[in-house]
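So the protein sequences, as listed, match chains A and B. Okay, so the first sequence: first residue is 1 according to the UniProt record's numbering, each after it adds one. Okay, so the second sequence: first residue is 1 according to the UniProt record's numbering, each after it adds one.
Simulated from the structure, these hints should not be mistaken for lab results. Accuracy of the hints is not assured; some may be wrong.
[Unchecked claim] Here are the simulated lysine to any residue pairs, SDA-like style, with alpha carbons at most 25 Å apart:
| hint | chain 1 | residue 1 | chain 2 | residue 2 |
| --- | --- | --- | --- | --- |
| 1 | B | Lys174 | A | Lys145 |
| 2 | A | Lys145 | A | Tyr118 |
| 3 | A | Lys108 | A | Tyr193 |
| 4 | A | Lys12 | B | Leu90 |
| 5 | A | Lys47 | B | Phe217 |
| 6 | A | Lys47 | B | Leu90 |
| 7 | A | Lys10 | B | Leu11 |
| 8 | B | Lys277 | A | Glu100 |
| 9 | A | Lys108 | B | Trp56 |
| 10 | A | Lys104 | B | Tyr272 |
| 11 | A | Lys107 | A | Asn6 |
| 12 | A | Lys104 | B | Phe217 |
| 13 | B | Lys54 | A | Leu144 |
| 14 | B | Lys223 | B | His136 |
| 15 | A | Lys145 | B | Trp56 |
| 16 | B | Lys223 | A | Lys47 |
| 17 | B | Lys54 | A | Thr135 |
| 18 | A | Lys104 | B | Leu11 |
[Claimed, not checked] Each pair of labels, with its calculated beta carbon distance range:
| hint | chain 1 | residue 1 | chain 2 | residue 2 | range |
| --- | --- | --- | --- | --- | --- |
| 19 | A | Val143 | B | Met118 | 38 to 46 Å |
| 20 | A | Val143 | B | Ile165 | 32 to 40 Å |
| 21 | A | Leu82 | B | Met5 | 35 to 43 Å |
| 22 | B | Lys109 | A | Asn103 | 23 to 31 Å |
| 23 | B | Gln242 | A | Thr216 | 25 to 33 Å |
| 24 | A | Leu82 | B | Met118 | 19 to 27 Å |
[What the hints assert, rightly or not] Non-contacting residues of chain B with respect to chain A, defined by C-beta distances greater than 12 Å in every case (computed):
| hint | residue |
| --- | --- |
| 25 | Val25 |
| 26 | Tyr74 |
| 27 | Gly75 |
| 28 | Ile82 |
| 29 | Trp127 |
| 30 | Asn133 |
| 31 | Ser172 |
| 32 | Gln227 |
| 33 | Met245 |
| 34 | Val269 |
Quick reminder that beta carbons are idealized off the backbone N, C-alpha and C, glycines included.
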Amino acid sequence: MQSFWNELVKNKYLYLLTLPALLYFIVFSYLPMFGIVIAFQDFSPIKGIAGSEFVGWRNFDFFFTSSDWLTVTFNTIYLNALFIVLGLIAQIAFAVMISEMFNKTFKKAIQSLTLLPYFISWPVVSMFSIAFFSTDEGLINYVLKSFGAEAINFYQDPSVWPALLVMLKIWKGTGYGIVIYLATIASIDQEIYESARMDGANRYQAIRHITLPMLTNTTILLFILAVGRIFFGDFGMIYALIGDNTLLYPTTDVIDTYVYRALRSYGDMSMSSAIGLYQSVVGFILVVITNGLVRKWNKDASLF
Amino acid sequence: MKKGMAGDRILIGSFYVMNALFAVVCLLPFVLVLTSSLSDETTLLQEGYRLFPKQWSFDAYKVLFDNDSLYRSYGITLFVTIVGTVLSILITSAISYAVSVRTLKYRNKILFFVYLTMLFNGGLVPWYILISNYLHLGNSIWVMIIPALVNPWFMFLLRNFFMTIPESLAESAKIDGANDIYILIRIILPLSLPALATISLFYALDYWNEWFRAILFIDDESKYPLQTVIIRTLSSLSFTQQMYMTATVSVPAYTIRMATVIITIGPIVFLYPFIQKYFVKGLMVGAVKG
Numbered sequence: 001m002q003s004f005w006n007e008l009v010k011n012k013y014l015y016l017l018t019l020p021a022l023l024y025f026i027v028f029s030y031l032p033m034f035g036i037v038i039a040f041q042d043f044s045p046i047k048g049i050a051g052s053e054f055v056g057w058r059n060f061d062f063f064f065t066s067s068d069w070l071t072v073t074f075n076t077i078y079l080n081a082l083f084i085v086l087g088l089i090a091q092i093a094f095a096v097m098i099s100e101m102f103n104k105t106f107k108k109a110i111q112s113l114t115l116l117p118y119f120i121s122w123p124v125v126s127m128f129s130i131a132f133f134s135t136d137e138g139l140i141n142y143v144l145k146s147f148g149a150e151a152i153n154f155y156q157d158p159s160v161w162p163a164l165l166v167m168l169k170i171w172k173g174t175g176y177g178i179v180i181y182l183a184t185i186a187s188i189d190q191e192i193y194e195s196a197r198m199d200g201a202n203r204y205q206a207i208r209h210i211t212l213p214m215l216t217n218t219t220i221l222l223f224i225l226a227v228g229r230i231f232f233g234d235f236g237m238i239y240a241l242i243g244d245n246t247l248l249y250p251t252t253d254v255i256d257t258y259v260y261r262a263l264r265s266y267g268d269m270s271m272s273s274a275i276g277l278y279q280s281v282v283g284f285i286l287v288v289i290t291n292g293l294v295r296k297w298n299k300d301a302s303l304f
Numbered sequence: 001m002k003k004g005m006a007g008d009r010i011l012i013g014s015f016y017v018m019n020a021l022f023a024v025v026c027l028l029p030f031v032l033v034l035t036s037s038l039s040d041e042t043t044l045l046q047e048g049y050r051l052f053p054k055q056w057s058f059d060a061y062k063v064l065f066d067n068d069s070l071y072r073s074y075g076i077t078l079f080v081t082i083v084g085t086v087l088s089i090l091i092t093s094a095i096s097y098a099v100s101v102r103t104l105k106y107r108n109k110i111l112f113f114v115y116l117t118m119l120f121n122g123g124l125v126p127w128y129i130l131i132s133n134y135l136h137l138g139n140s141i142w143v144m145i146i147p148a149l150v151n152p153w154f155m156f157l158l159r160n161f162f163m164t165i166p167e168s169l170a171e172s173a174k175i176d177g178a179n180d181i182y183i184l185i186r187i188i189l190p191l192s193l194p195a196l197a198t199i200s201l202f203y204a205l206d207y208w209n210e211w212f213r214a215i216l217f218i219d220d221e222s223k224y225p226l227q228t229v230i231i232r233t234l235s236s237l238s239f240t241q242q243m244y245m246t247a248t249v250s251v252p253a254y255t256i257r258m259a260t261v262i263i264t265i266g267p268i269v270f271l272y273p274f275i276q277k278y279f280v281k282g283l284m285v286g287a288v289k290g
């Protein structure tokens with residue numbers, strides 16, 4: 001204890017510098033953890049956390065006996081799995097292609113243009129989507145009709161949305177992945193390519209047997225990290241694009257949007273808190289498991 | 001050998017074509033929304049969203065710039081972005097510097113304390129109740145700033161950068177009798193301007209694009225930031241009409257929505273060369289240290 005105080009006094013200015021941030025984390029990250037108790041209460045904002053009645057697992061029963069929990073759990077995992085796998089493939093493919101180009105100006109232009117969507121918010125992307133996917137005024141249906149095809153009712157047809165969401169995710173996220181992968185490719189020793197060329201290897205063989213194997217480490221790391229987050233839906237994306245369009249819920253409603261609605265529309269704090277806890281616990285287990293996997297793979301890359 | 005060369009050329013050529021196509025796809029939505037915002041309302045309703053509308057018009061922008069609500073939302077977004085970024089940078093660089101000093105005994109404990117918040121949280125509802133019922137930040141524009149003051153990820157990035165500055169600089173200043181706060185402000189921060197620019201950029205983009213806290217906590221339409229105006233006009237055209245209602249002219253709601261988007265993303269597109277440069281730099285620092 002003595003040494004604890006000595007240390008605080010000795011480095012008082014440094015500890016003072018950490019105070020505002022630590023206070024922030026205590027209030028906004030640690031305090032809400034105690035609020036988890038709401039999941040086991042019949043919470044009323046007037047009575048507060050201390051005064052609300054304890055009801056055990058009732059809030060969970062309510063969620064797990066409805067069919068909703070299966071739908072939203074499935075959608076969350078299914079959509080995230082699509083985003084992870086197809087997103088990584090797109091990032092690797094475009095990064096490898098760019099690394100093979102000779103024209104520096106062209107390379108730069110491609111990188112600038114593909115990274116631009118990354119900085120745009122999902123509400124803005126959603127407005128872009130309206131210009132493309134509206135049934136009567138949208139550009140896509142105009143093109144479809146001019147080729148004699150039938151117009152698609154995008155905003156009334158849930159079956160097209162998994163594909164649309166994947167496309168939008170790739171559109172927005174590929175530029176970011178390209179930056180990461182190009183850095184990895186740049187760190188590959190050029191002599192390996194040189195000697196492969198001497199042995200008569202063509203570009204395709206060089207990509208297949210040098211570049212792609214060299215990207216395995218980065219890819220596995222990114223993959224595992226993403227799998228650790230597979231239980232958390234991309235609220236910003238789904239809510240901005242789908243909003244309150246109930247017609248599209250069957251394929252697009254994820255745990256995060258469900259919790260948000262339970263809170264905002266039904267005002268049921270206890271039930272939404274219970275669902276949130278279910279998500280946090282399963283999500284936390286996944287993070288710990290995947291971190292263990294990363295650790296096995298590459299000790300330096302693991303988070304803890 | 002010759003055959004291989006021809007094959008290479010076809011392969012690389014196809015790479016150029018595919019990348020050019022993807023780049024066009026990335027840019028196209030920006031162009032389409034821009035031309036739609038400059039389209040005449042009736043033309044848009046009859047023909048739809050086109051890259052070359054038959055009838056051009058500035059009506060949407062005229063209505064937007066004649067109306068107070070756009071300036072108000074813009075002001076709120078600017079305020080949130082500037083004040084938020086300054087506060088975030090101050091608090092983040094303070095703690096990042098402290099935990100970068102190797103002689104600080106409890107720095108690993110502090111790092112773990114921060115790190116844990118990236119792994120586990122209490123979920124949306126307790127956080128919501130805390131902010132609205134206990135901190136009473138509902139309907140205040142500070143709710144756009146305070147609950148997002150420190151991003152732990154950015155803290156780790158900045159700490160990694162501070163650790164690359166030679167310790168001897170701080171040590172010699174200490175011998176001359178300077179305290180740690182003085183050292184941070186006078187020696188460390190001036191040496192870290194590129195890193196500070198990068199982290200400021202990360203924060204500024206987050207604040208500029210923030211809308212989730214606004215739809216959760218702000219019901220008062222006069223306090224909407226730009227992004228929230230977009231979210232509201234997405235779900236209802238009548239909201240747009242009512243927002244820009246005047247006695248004399250009918251409101252071109254469809255083109256106004258597109259014009260609002262253009263005005264919102266304007267600064268990002270305008271500052272893009274700068275944003276891109278620092279963003280890529282920042283990613284590299286993060287990528288090296290993991």
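Against the structure, the hints:
1. For the proposed pair B/Lys174 and A/Lys145, the alpha carbon gap of about 74 Å is over 25 Å, so the pair is violated.
2. About 31 Å separates the Cα atoms of A/Lys145 and A/Tyr118, which puts this hinted pair outside 25 Å; it is violated.
3. Between A/Lys108 and A/Tyr193 the CA atoms are separated by roughly 23 Å; this keeps the pair inside 25 Å, and the hint holds.
4. Between the alpha carbons of A/Lys12 and B/Leu90 the distance comes to roughly 18 Å, so the proposed pair stays at or under 25 Å and holds.
5. Simply put, A/Lys47 and B/Phe217 have alpha-carbon atoms about 21 Å apart, close enough for the 25 Å limit, and the pair holds.
6. Among the hinted pairs, A/Lys47 with B/Leu90 is inconsistent with the structure: their alpha-carbon atoms are about 38 Å apart, more than 25 Å.
7. With a C-alpha separation of about 65 Å, the suggested pairing of A/Lys10 with B/Leu11 is violated against the 25 Å cut-off.
8. A C-alpha spacing of about 22 Å is found between B/Lys277 and A/Glu100, which places the hinted pair at or below 25 Å, so the restraint holds.
9. The hinted pair formed by A/Lys108 and B/Trp56 fails the criterion: a straight-line CA distance of about 33 Å is larger than 25 Å.
10. For a cut-off of 25 Å, the pair hint linking A/Lys104 to B/Tyr272 stands: about 19 Å separates their Cα positions.
11. A distance of roughly 57 Å separates the Cα atoms of A/Lys107 and A/Asn6; the hinted pair therefore is violated under the 25 Å criterion.
12. With a C-alpha separation of about 48 Å, the suggested pair A/Lys104 and B/Phe217 falls outside the 25 Å cut-off, and the hint is violated.
13. Restraint check for B/Lys54 and A/Leu144: satisfied, since their Cα atoms lie roughly 20 Å apart, inside the 25 Å limit.
14. Our distance criterion of 25 Å between C-alpha atoms is met by B/Lys223 and B/His136, whose separation comes to about 16 Å.
15. About 24 Å separates the Cα atoms of A/Lys145 and B/Trp56, which keeps this hinted pair within 25 Å; it holds.
16. Of the supplied pair hints, the one linking B/Lys223 and A/Lys47 is violated, its CA atoms being roughly 30 Å apart against a limit of 25 Å.
17. With a CA separation close to 20 Å, the supplied pair B/Lys54 and A/Thr135 stays within the 25 Å bound.
18. Pair hint A/Lys104 plus B/Leu11 holds up; C-alpha atoms about 18 Å apart against a cutoff of 25 Å.
19. Hint check: A/Val143 to B/Met118, Cβ distance near 44 Å, so the stated range 38 to 46 Å holds.
20. The supplied range of 32 to 40 Å is broken by A/Val143 and B/Ile165, whose beta-carbon atoms lie about 55 Å from each other.
21. As the Cβ distance of A/Leu82 to B/Met5 is approximately 39 Å, the hint placing it in 35 to 43 Å holds.
22. About 52 Å separates the C-beta atoms of B/Lys109 and A/Asn103, a value inconsistent with the hinted range of 23 to 31 Å.
23. Between B/Gln242 and A/Thr216, the C-beta spacing of about 56 Å breaks the proposed range 25 to 33 Å.
24. Distance hint for A/Leu82 and B/Met118: a CB-CB separation of about 25 Å, consistent with the stated range 19 to 27 Å.
25. With a minimum CB-CB distance of about 7 Å to chain A, B/Val25 fails to clear the 12 Å threshold, and the non-interface call is violated.
26. B/Tyr74, annotated as away from the interface, keeps every beta carbon of chain A farther than 12 Å; the closest lies near 15 Å.
27. With a cut of 12 Å on Cβ distances, B/Gly75 stays outside the contact zone with chain A, its closest approach being about 18 Å.
28. Here B/Ile82 stays apart from chain A, with its beta-carbon at least about 18 Å from theirs, past the 12 Å limit.
29. Look at B/Trp127: its CB is around 4 Å from the nearest CB on chain A, not clear of 12 Å, so calling it non-interface is violated.
30. Remark: the non-interface label on B/Asn133 conflicts with the geometry, its nearest Cβ contact in chain A lying 6 Å away (cut-off 12 Å).
31. With a closest Cβ-Cβ approach of about 17 Å to chain A, B/Ser172 is found to remain outside the 12 Å limit, as its non-interface label requires.
32. Non-interface status of B/Gln227 relative to chain A is broken: a Cβ of that chain comes within 12 Å, the nearest being about 5 Å off.
33. B/Met245, annotated as away from the interface, keeps every beta carbon of chain A farther than 12 Å; the closest lies near 21 Å.
34. Remark: the non-interface label on B/Val269 conflicts with the geometry, its nearest Cβ contact in chain A lying 8 Å away (cut-off 12 Å).
Violated hints for the displayed structure, listed by number in ascending order: 1, 2, 6, 7, 9, 11, 12, 16, 20, 22, 23, 25, 29, 30, 32, 34.
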